[in-house]
Amino acid sequence: SQQGEEDPQALSIQEGENATMNCSYKTSINNLQWYRQNSGRGLVHLILIRSNEREKHSGRLRVTLDTSKKSSSLLITASRAADTASYFCATDVPSSYKLIFGSGTRLLVRP
Amino acid sequence: DTAVSQTPKYLVTQMGNDKSIKCEQNLGHDTMYWYKQDSKKFLKIMFSYNNKELIINETVPNRFSPKSPDKAHLNLHINSLELGDSAVYFCASSHTLPAGELFFGEGSRLTVL
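Going down the list, the protein sequences come from chains A and B.
The numbering used here numbers the first residue of the first sequence as 1 and each following residue consecutively.
The numbering used here numbers the first residue of the second sequence as 1001 and each following residue consecutively.
Misleading hints may appear alongside valid ones.
[What the hints assert, rightly or not] Think about it this way: if two alpha-carbon atoms lie no more than 25 Å apart in a straight line, the pair counts; the simulated BS3-like pairs of lysine-lysine are:
{"no.": "1", "chain 1": "B", "residue 1": "Lys-1044", "chain 2": "A", "residue 2": "Lys-26"}
{"no.": "2", "chain 1": "B", "residue 1": "Lys-1041", "chain 2": "A", "residue 2": "Lys-98"}
{"no.": "3", "chain 1": "B", "residue 1": "Lys-1067", "chain 2": "A", "residue 2": "Lys-98"}
FYI, nobody ran anything at the bench for these hints, they're computed from the structure.
Could you build the full structure based on these sequences and the hints that come with them?
Okay, here's the thing in C-alpha cells:
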C-alpha cells in the first residue's frame, strides 16, 4: 500500500514565488527523502531528513519533518521556471529495505 | 558518464511477447532496484537486489523475473506481456541498506499493444 501522500496534487505559481508541498505518511520512519522528476526523465534526489531532525536546508530548499503528525513539507523559495517538475516524497519502511514513494505534486512555475 | 543506464529507453511490443530491460550502474553500489511508474506517475517498488541477492520481491506477477549477474547489473525480463504492463520502468541503485539516497536511471517506457 502507498506510504506517502503529497498535497496538493498540482500547483501553479509565478516565477519568484515560493512553492510549498506537503507529504503525509502512515508508519514510523527512519528518514524521509524528497525527489524531483522532470518530464520524461528519471528521479533526482533532492534532500534527506532523518527522523530525529526537524528542519533541513539545501540551497533554495527547506524541508521540515513532524514525526508526531507524520508529515513533511518541502518549500522551494524564489521559484524559477526550471523548477517545473513533479516532486515526490519517499519514506523508508523500518525493518525492510524498501523506499516507498508518494503520489507526487506536479509543480508548474510560470515565467 | 551515466551513473545508472537502462536500455532500451522505449519498447513497443505486442501482447503475449517476451521482453527484457537491462540496467547497469557504475557507482559501485551494492543495491539495485526496479520500480514501475504508471500513467498517474505512481511509483511502485518491484524488486531489489543486494550484492546479487534478492532482498525485495513485491507482489508482482511471476511473469516478471529479475536477474542480477553481478552487483553492477540488474535486468528485468517480462514474459507474456499484457496491456496492463504498459508503464515506465525505472532502475535505481543505492549505496546503503536500508535505502538511503537512490540514483535513478532515465527509465524505459514499455508500451504493450
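Each hint tested on the structure:
1. Lys-1044(B) with Lys-26(A): holds, 16 Å
2. Lys-1041(B) with Lys-98(A): holds, 18 Å
3. Lys-1067(B) with Lys-98(A): The hint holds at about 18 Å.
Violation of the numbered hints given earlier is absent; every hint is satisfied by the structure.
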